[in-house]
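Enquirer: So the protein sequences, as listed, match chains A and B.
FYI, in the working numbering the residues of the first sequence are 1 to 333.
FYI, in the working numbering the residues of the second sequence are 1 to 191.
Honestly, the hints are just simulated from the structure, not real lab data.
Treat the hints loosely; a few may be bogus.
[Said to hold, decoys possible] Lysine-lysine pairs mimicking BS3-like chemistry, simulated, CA-CA at most 30 Å apart:
id : chain 1 : residue 1 : chain 2 : residue 2
1  : A       : K67       : B       : K160
2  : A       : K22       : A       : K275
3  : A       : K67       : A       : K22
4  : B       : K160      : A       : K275
5  : A       : K67       : B       : K166
6  : A       : K15       : B       : K160
[Claimed, not checked] So, partial list: chain B residues that the calculated Cβ filter (under 8 Å) puts toward chain A:
id : residue
7  : V147
8  : E154
9  : N155
10 : I170
11 : L180
Keep in mind that this is a model prediction, so the values were computed, not measured.
Built from N, CA and C at the ideal position, the CB exists for glycine as well.
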Amino acid sequence: MRLPQLLVTASPHLKGPDTTPKIMWNVVGTLVPVIAAAGYFFGFGALLVVFAATLGSLLTEWVFGPKGSLRDGSGVITGLLLGLTLPPGFPLWMAFIGGVVAIGFGKLIFGGLGQNIFNPALLGRAFLQAAFPVAITTWPVGGGGFWDVRAENLSLPFMGLGQTDTVTGATPLGLMKFEGVATAVRDLFLGTIGGSAGETSALVITLCGGYLALRNFLNWRIPISIFITVAVLSELLHLLNPAYPGPLFMLFSGGLMIGAWFMATDMVTSPVTHKGCWIFGAGIGALVVIIRLWGGLPEGVMYSILIMNAFVPYINRATQPTVFGTRVTEAAS
Amino acid sequence: MGDLFWIFISAMVVNNFTLFYFLGLCPFMGVSGRVYTALRMGAANIFVLTVASICAWFLNAFVLPYAPYLKLISFILVIASAVQITEMTIKKLSPALFRALGIYLPLITTNCAILFMAWTQANRGYNFFQGLAFAWGAGAGLTLALVLMASIRENLLFSKVPEIAKGNAIVFIIAGILSLAFMGFAGLLST
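If we strip away everything but chain A, and leave its shape as in the complex, we get:
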């Protein structure tokens, strides 16, 4: 005789159709146009940089990660995003190391997917910025043939940066900060400017990020609150002192677009609650304006997101909603 069985499971009992791999591969898909734009503006070398960073991430994930973790697509995203935030003339071996650090110290050391505190791609880039400050601030200009690979791309470890016969130019933010020259908003919007491989075209990134927001694969509150904070703060400062750049320049220059749409919205490292997302985005926006206008560096999106990542556990604690039915006094204590 079989005993009657009672199956007890923990909530949630209703499950949506979106699985982690599905969302991740969707994000990879929306990054394809951004990568294509990088190739269009900076040629084959930029694609090689993205490829090297991704290779580094995937190899690390494969060697040290749990079995089968390559299939969920998160390692690919980290590598692609890291590659897209690097200068197109970045040495490939450095990009590879960046990928290794991003996955190894950004994700696996915390226990793998879903448990990291900091955005792995940005952590990899912060490491590269600290380790190779010259290489990561050398911005080759676009143009030339598609297949022209820059000499710096192919340089080897400990051999210097190769022949320096590439034409380099400052990014719009660098021009603004150190020479006070503004770039036309139209160029910033379309992406025909100097900068990291995938960050230049505000148009392409917004379209791709907007698609993800429509599919609800990212919380739209985060990019919107970043944009609002940056726009309002820079407009106020611009009115007080016209030497400061206006809101359109601040929004479309540097890594703000790719940071706001793809980095800050990382599901693991952004707050859980909607209220927390507004706070998180406002914090990033304020820090971006502070670092860009008064800091020693021309760009601060990466650092702003990393710093706010560190605040996320605290924001989650502070914005924890009251469970329905809890007494007010209990919730307050």
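Fit chain B to the given chain A structure using the hints.
Expert: Only chain B this time, still in chain A's reference frame:
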């Protein structure tokens, strides 16, 4: 007023004692397990720094001009005993405050962050109020780092950190990452 504010902000975020100078790491590693204790530790830090700043200003203004070779030893002695006396006074006057701060005070009176604060304040020739702003900025910075680390570590309790990185190793790695992130403030306000 303006320079007091810049001194405060500079000591708090730009040259954060923990994340920029790597000072006061013992409380940073030891008492950052829970947000509640981290806040207490931060408050105790601010308290001791305030006492230390007043002592250092006094020594710098009235004693050290006559005996400059006493700098280090007098800072250690005077700050430690001043904190000890204050602690005993608090114990007598306000047992509640003593319970909140008391157990941490002996831990940090001889901390490197405290000594560094007094030393730097004397070296930069800060006056009384600049010294206080510096001390409070440093204290606020230490509290910020402690609370951030504590909230991250409370989160990590749910993570499957690999065996090799458990315990202090992961705390050091997070401290390094935090320090990398705070590098973004480098050069802030210097222009």
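Enquirer: Hint by hint, say whether it matches the structure.
Expert: Right, here's what the structure says about each hint:
| no. | hint | result |
| --- | --- | --- |
| 1 | A:K67 / B:K160 | holds (15 Å) |
| 2 | A:K22 / A:K275 | holds (26 Å) |
| 3 | A:K67 / A:K22 | holds (18 Å) |
| 4 | B:K160 / A:K275 | holds (28 Å) |
| 5 | A:K67 / B:K166 | holds (21 Å) |
| 6 | A:K15 / B:K160 | holds (24 Å) |
| 7 | V147 | holds (7 Å) |
| 8 | E154 | holds (7 Å) |
| 9 | N155 | holds (4 Å) |
| 10 | I170 | holds (7 Å) |
| 11 | L180 | holds (5 Å) |
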